[in-house]
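Engineer: First to last, the sequence lines map onto chains A, B, C and D. Counting from 1, one number per residue, gives the positions in the first sequence under the numbering used here. Counting from 1, one number per residue, gives the positions in the second sequence under the numbering used here. Counting from 1, one number per residue, gives the positions in the third sequence under the numbering used here. Counting from 1, one number per residue, gives the positions in the fourth sequence under the numbering used here.
Check before you lean on any hint, since a few could be wrong.
Unchecked claim - Heads up, simulated EDC-like pairs for lysine to aspartate or glutamate below, C-alpha to C-alpha not over 20 Å straight-line:
(1) A:Lys-60 with B:Asp-40
(2) A:Lys-391 with A:Asp-420
(3) B:Lys-174 with D:Glu-157
(4) D:Lys-240 with D:Asp-210
(5) C:Lys-307 with A:Asp-40
(6) D:Lys-479 with D:Glu-496
(7) D:Lys-294 with D:Asp-317
(8) D:Lys-294 with D:Asp-407
(9) C:Lys-31 with A:Asp-40
(10) C:Lys-44 with A:Asp-226
(11) C:Lys-491 with A:Asp-126
(12) A:Lys-371 with A:Asp-436
(13) D:Lys-126 with B:Asp-40
(14) B:Lys-60 with A:Asp-66
(15) C:Lys-13 with B:Asp-13
(16) B:Lys-391 with B:Glu-354
(17) A:Lys-38 with C:Asp-262
(18) D:Lys-192 with D:Glu-423
(19) A:Lys-60 with C:Asp-262
(20) B:Lys-366 with D:Asp-35
(21) C:Lys-44 with A:Asp-420
(22) A:Lys-199 with A:Asp-226
(23) C:Lys-126 with C:Glu-297
Hints in this document: simulated from the structure, not taken from any laboratory.
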Amino acid sequence: MSYLPLTENDRRDMFETLGISSFEELVRSIPASLRGVKLDIPEGLSELELQALLERLGRKNLTTRDCLSFLGGGSYDHFIPAAVSQIISRNEFYTAYTPYQPEASQGTLQAIFEYQSFMTELTGLDVSNASHYDGATSLAEAALLALRQTDRATVLVARSVHPHYREVLNTYLKGTPFRAVEVATLADGRLDRADFESKLGPQTACAVVQSPNFFGVIEDLDGMSDRLHAAGSLLVMVCHPLALAVMKSPGEWGADLAVGEGQPLGIPMNYGGPYLGYFSAARSLIRRMPGRLAGMTLDSEGRRAFCLTLQAREQHIRRERAASNICTNQALCALAACVYMTLLGKEGVREAAEMNVDRAHTLREKIAGVKGFSVGTNLPVFNEFVVRSSKPFAEVDKKLRAANILPGIDLGAFYPELRDHFLVCATETKTAQDLDRFVEALKQC
Amino acid sequence: MSYLPLTENDRRDMFETLGISSFEELVRSIPASLRGVKLDIPEGLSELELQALLERLGRKNLTTRDCLSFLGGGSYDHFIPAAVSQIISRNEFYTAYTPYQPEASQGTLQAIFEYQSFMTELTGLDVSNASHYDGATSLAEAALLALRQTDRATVLVARSVHPHYREVLNTYLKGTPFRAVEVATLADGRLDRADFESKLGPQTACAVVQSPNFFGVIEDLDGMSDRLHAAGSLLVMVCHPLALAVMKSPGEWGADLAVGEGQPLGIPMNYGGPYLGYFSAARSLIRRMPGRLAGMTLDSEGRRAFCLTLQAREQHIRRERAASNICTNQALCALAACVYMTLLGKEGVREAAEMNVDRAHTLREKIAGVKGFSVGTNLPVFNEFVVRSSKPFAEVDKKLRAANILPGIDLGAFYPELRDHFLVCATETKTAQDLDRFVEALKQC
Amino acid sequence: MLISDDSRLSFEKGSPGRRGIRLNAAPLGAKGLRDRLPAHLLRKRPLVLPEMSELEVVRHFVNLSRKNFSIDTHFYPLGSCTMKYNPKVNEWAAAHPAFTQVHPFEGDDAAQGILQVYYETEQYLKAVSGMDRFTLQPSAGAHGELTGMMLVHAWHESRGDSRRRKILVPDSSHGTNPASAALFNYHVVELKSNARGRVDLDELRAHLDDETACLMLTNPNTLGLFEEDILEITKLVHEKGALLYYDGANLNALLGLARPGDMGFDIVHINLHKTFSTPHGGGGPGSGPVGVKKFLEPFLPRPLAAKTGDRYHWVTDPGQSIGRLRAFYGNSGIILRAWVYIRMMGGPGLLRASQDAVLNANYLRAKLKNIFQVAIDEPCMHEFVLTIRGAKKQGIHAGDIGKRLLDFGIHAPTVHFPLVVEEALMIEPTETEAKEVLDHFVKVMGQIGEEMIRDPDLILQAPHHLPIHRPDEVLAARKPVLSYRDLLREKMLAAEGAPVSP
Amino acid sequence: MLISDDSRLSFEKGSPGRRGIRLNAAPLGAKGLRDRLPAHLLRKRPLVLPEMSELEVVRHFVNLSRKNFSIDTHFYPLGSCTMKYNPKVNEWAAAHPAFTQVHPFEGDDAAQGILQVYYETEQYLKAVSGMDRFTLQPSAGAHGELTGMMLVHAWHESRGDSRRRKILVPDSSHGTNPASAALFNYHVVELKSNARGRVDLDELRAHLDDETACLMLTNPNTLGLFEEDILEITKLVHEKGALLYYDGANLNALLGLARPGDMGFDIVHINLHKTFSTPHGGGGPGSGPVGVKKFLEPFLPRPLAAKTGDRYHWVTDPGQSIGRLRAFYGNSGIILRAWVYIRMMGGPGLLRASQDAVLNANYLRAKLKNIFQVAIDEPCMHEFVLTIRGAKKQGIHAGDIGKRLLDFGIHAPTVHFPLVVEEALMIEPTETEAKEVLDHFVKVMGQIGEEMIRDPDLILQAPHHLPIHRPDEVLAARKPVLSYRDLLREKMLAAEGAPVSP
Ligand SMILES: Cc1ncc(COP(=O)(O)O)c(C=O)c1O
Ligand SMILES: Cc1ncc(COP(=O)(O)O)c(C=O)c1O
């Protein structure tokens, strides 16, 4: 029973103040039939025991320190400067609540403002919110926004959007009058523009395109936004944020909304969470944006000050008429991304992005030369690409794991048509030796 | 070339301000023959590369997470609450200098004051300094103090004092008119009082006794301080600080000085450092104490304030007449000890100490029953004790290491008479399973 | 000067060409970026990013942090937010590389440690709530509520009942409740509370009909009052074929004392970032697991954590699942912290936590009622609400009291709800605050009570001792400056003679 | 209120019976403490220790930390202390369990990682200093100096020369130099500096004789000036059979520019906690490796790090070693940080660091000489000294300027030495400070310069914006209160009518 400061003396004094002789007198409003709960939870541990137990559990996880991993697919093993965790571990950051009291939260507020600035820079759009749960939910909210904004019923979604994201979108739409319609992918991994054209219609609220898409391919979206805007629809893009340091930005492609997963910006893989849904939009959509926004203003003495703003969009003010129900978001992860971007800065961010492009293309070239494996395409990618194995992937996976290598993600699990294809990711963390070791191991398959 | 903020523009502007056209103009006072240094140091790494390299090196160390260790002998595997490192990692603590400016250092100063309070509590003596380099150097300075205070020439040192401490003391005395004389140890590990009596003489400045001593034995020092004081000498004790939570304190034994290693109080083993020399003394010795002292006073408005005090003892004021040359000490380790003591508090410190006593005695009883091994003594110990092996220790050590157990310290390396004896330590971190696993492994020897 | 008064953005610091972290960007392959990506796929608009040294960055953020209030620096009695202590061993665990460096697609066998944490956390939440099965996917309370609405819908649908489009919520409910229902296109009906701040049974009966899909309830409610008629309420609702949703934000009042499952709730969300001590992080991340009764299990999101023999694994059979609520499995790092907390506290410790939370709140209530009016003056659970409507004649609002508290190093109570109480101050001390802290708070509140009479301006102008005075929120909303680019644009406009904003 | 004004000790907080960290103290053996330890070996005097919850402890220390200035929060131009940035990757490395959880007696084969760090650090220090062999045992600069004195003694002794009991130090030297010599029972002779702040060759000649054991020198010296005659000096000293000791505290001026080994020094210490970026920790720990020329290698402390084939190991042959300087091997955690720093910077980076340190100092000197008098106005190395002796007529001392700087969020320069300059402000910006910071400092110094004329009291009463005003140091020394027990005793005495101290 750690963490509880009341002593027996304290309790006695407080009972006296309250004029009660037992705790029960305080909870008389709970019906008797509800009482007598037996909590089936083991006795508490000391911290010494807990630390030992956690070390034991930890040894049952395979970490990317212990093996050579080429897994990506929405969660990436990127370099994180040591300063990031040291900064976000500042007690004043991580034990603060949402900055409802601006005078007592200028630190958090300014950091959110800077985070928003980074995301608008990367996406090339006008505004960014303070974060969403993750990339998938961010996308779902973007689709809902588009549906409301256009007052239409359909969302076109590329099949090359992350399968989990599409699943989440479908979950969000199930039971509503809205629905998602899939747009096909070409054999080389690109969006099927013809299929898109054929599905674009008067009920199309938006089209959702991921780039680099789930197969790693950087999409050429030439003409796409014009086409959509002409049809009264919006373009929603899902992007790896680090890729945006070199890749044409959603803003430049004419997108109205850009959403996605901010995890690559200084957040560990954490077995899938907590991550960071980013959400950026064109200025015209601002009053429908979900989530918090930090704004810059002046205080009563004319000094620069930051506060949450446009709160009339939010649930705590507007209740059922709010733009979204989101309250708690992923603030600390947004702070991590903000610190990451600040540390790497203009040149560092570009360098990191270029290294991804280099590693992925270099590795793809190498694997293309290995017998028994072929690469789906030579289209430009950011940091991942599809490999086809002539043997069952399960076998390849097993052999490589035995060599302490995680070769990639089994695409057959998500796309029946891609049996024995796998998604290989190589970030800036991979060295020449790493790539060679991988290729050698593939050769042994 | 990280960490350097001057840009080429900055340098140009600064050159202009200085009216110079090359850096060389600033360093003309360096004789030309000294210039042209070629630094034989590899090119800088990126942090990404550094992190990977350090992980690689780290895998070449055997940690006590990876094995079951019974090593002690001056460095102990004690439980450290997670809060300790989180607190001492506060930027304002670890990147501050010595608190020479009290107005800008109340945090550090108050923490030192509290640390001093803890050490005087534990040792039962009147004053404690702000820390010394480690237990060994702390002892050497205590001996020097005694020599100066008594104006005598000899230090009696029990053979059961940590061998490294005795070596350091000898180093400090070599070349001075002073010398250390060894006092023998009985076969059961206790101080040989008869030998002590025979060596106590008119030139004895002090006697140095460790308790629990290097063999783990808690010394019975009954009458010792009276004997020494009657002879005009001082008693210096060296103690495991956590043992003092249950063990009769130096103050209670009548010691004049208590010194030792504060590492058990929340400081990791760190392959031997940085550690924490603690140094406590009777009030009468205060003006000869080495090291910094934080004192409580009032500020000009009558508020409580802390500052360094009695600085006239120190080198930056008194130069060659200072009580010691110490300047930089082990402040951050003292802070760790302070945080540790505060977190565990009155009851926690006692619990931790009792668990050591329990583990060590329990394990000793178990090992006493293993064929081929015998325990030197049944005298009370704190957390370590001597085991004698009938086989060569090197063999035992090798076999146990193969079972991923570090059985203890080879005493033969320090005491020729103790060939095939080893020192076994069991702290509060050891569970019943750990002890059993060890005993089982010994049985297999 | 301890706290820097510099409010420049990172973008306004640094210098062109200055470098923080650099990478060794030498390509491994033979080609450069431009050989890899064709020009038309390359970014044209240059990134405007800070160019700062690592020291500058560290100073920037450390100084920002020092401008915050937080649990670890200040008493933070923010009602409904359960600002309890965030144990440091939780943080140690969550930062442990054996848990941070695990990729979600490694496969179950490579993740047995974290899978065990998922599995056991579910068992503990079941024990605490009396529910039968949990999904740990939802990332916050509101996300859990949305999940709940989907489950409600799926259940009714599965029975061919598609008329039910109405969700009932009390007027004291948290904003996320109606917002979650509305996000799912449900129709929200607000129930007026009775004079004792509880659900009015007549009002409930009046609105309950066969179009009602669900009643959402917080219990204890946002006034910190336990719904005494809860068994009657759940009975009424069930009789009408509707479901009951439990907003678990206030579960910290009830650990080991009573369970929503036993009360008759069908769906529950729990805020791990409240009751289970995970930090708020300046607004998140949190975790909002959703638990259901057996009959709703088929509808839960997939995958679900399971254990077969000694092996932990994910169950992915779709069943009648509503589908996935987020990518991957959940906010693992938060779930891990909650697991550590539960293991540290143990069953008896959790009970004691709730008892102390209730005791602390009642103690404060008893002390403060001599100074301020308690909205509903009865024994409360873990929190209670004061009203200062009496001070409106002096122009003092609840928010002003909150601002004045900041001057004393105490965070403001919640002031923006519950809407049913005029000028509400919702106060939740939590069980981790010592009696001395409560006594100090009472003393300060007493002083503020005097100031209200003696010197109202002191309160209206508060705070006086913080880096900024009150910000102009109207200006912020009228002319939103939401990014550095906005600021540059504003500055350009200003330079061109347009009216100035910050 | 951001910074708490609470100055209670931990001992004055908490409450009897309250618990922070508890252990599961159930004994494994059959017996309790009293069965294990006889009564006469047990402690009688009860421990007076705080009884606080973990939250109280965290708040206590976090709030204490917020009362500090530090590099990461403030510009800290403290001369002679090289307050450069402490890179965060150093801290990450030093906190890595693969290095913290290693016992010093595990044996060389179980510690190859950290042994490699010891070995390579020595190689890098050799490269930087031009020395032939290093011991990494000394735990700080002063500890290195003491080691140096022992080496000097051992060397002369080994040659049967035992008359040499005299150590020469310039009057500008740091206090540890004479103190270290004296601690080893050497006789200290102080050399008067010449008008240009350097060693006066005539003075040197006058004191050099065959009783001289060693000359200790800092170069650049504590005025930040390079000893131009260094080659002449070392020649003179060597000719007299004495040795030369180099106090490396100021080595940050010289990386890649010049090496003490090349200047003729025989023994060198290096402060890793200055030149090699390890943090000062509020006073320590540091590390002061000592390097020597070949002929002194046999005398170095043992063990020494070595590499045979691919294996790293300790060499323990006693040789003519002076013996051991501390337990185990050295401050490994500090040495590891320095190793990381050197690997990150690389050779060219280290050179650039020194160049920028020198440039920054000269830039400040050039700017500030318009406001204050520079003690010796010549190009300086990494630091320089101002004198404000001119302000003595207004009663303003160097220390007062330092206090006033605190009000602006700038740490005071060093004011307690060098003793050769009256009312000295020793300013060392280091290379990690940006030009904007220097410019800001100049602006503030300009303002203070004006205040000296306009409003001296503002300076004499400074600081105005910190948690305390100037503490009464006389009272502190007259009635030392050095522990909580002292405080209790003082309070008792006060209660009995004795005159009060804090
Ligand atoms: C009563 C109540 N319900 C729901 C929520 C929403 O939870 P979350 O912020 O985790 O989305 C809150 C949060 O403050 C709350 O207080
Ligand atoms: C010139 C000089 N020499 C020696 C020292 C002593 O070094 P340390 O504090 O590491 O013992 C210092 C420390 O400030 C110094 O500035």
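Engineer: It remains to establish, for every hint, whether it holds in the given structure.
Structural biologist: Do the hints match the structure? See the list:
no.: 1; hint: A:Lys-60 with B:Asp-40; in the structure: violated, 44 Å
no.: 2; hint: A:Lys-391 with A:Asp-420; in the structure: holds, 7 Å
no.: 3; hint: B:Lys-174 with D:Glu-157; in the structure: holds, 11 Å
no.: 4; hint: D:Lys-240 with D:Asp-210; in the structure: holds, 6 Å
no.: 5; hint: C:Lys-307 with A:Asp-40; in the structure: holds, 18 Å
no.: 6; hint: D:Lys-479 with D:Glu-496; in the structure: holds, 17 Å
no.: 7; hint: D:Lys-294 with D:Asp-317; in the structure: holds, 16 Å
no.: 8; hint: D:Lys-294 with D:Asp-407; in the structure: violated, 51 Å
no.: 9; hint: C:Lys-31 with A:Asp-40; in the structure: violated, 62 Å
no.: 10; hint: C:Lys-44 with A:Asp-226; in the structure: holds, 19 Å
no.: 11; hint: C:Lys-491 with A:Asp-126; in the structure: holds, 16 Å
no.: 12; hint: A:Lys-371 with A:Asp-436; in the structure: holds, 15 Å
no.: 13; hint: D:Lys-126 with B:Asp-40; in the structure: holds, 9 Å
no.: 14; hint: B:Lys-60 with A:Asp-66; in the structure: holds, 13 Å
no.: 15; hint: C:Lys-13 with B:Asp-13; in the structure: holds, 18 Å
no.: 16; hint: B:Lys-391 with B:Glu-354; in the structure: violated, 33 Å
no.: 17; hint: A:Lys-38 with C:Asp-262; in the structure: holds, 12 Å
no.: 18; hint: D:Lys-192 with D:Glu-423; in the structure: holds, 18 Å
no.: 19; hint: A:Lys-60 with C:Asp-262; in the structure: violated, 36 Å
no.: 20; hint: B:Lys-366 with D:Asp-35; in the structure: holds, 17 Å
no.: 21; hint: C:Lys-44 with A:Asp-420; in the structure: violated, 38 Å
no.: 22; hint: A:Lys-199 with A:Asp-226; in the structure: holds, 16 Å
no.: 23; hint: C:Lys-126 with C:Glu-297; in the structure: holds, 13 Å
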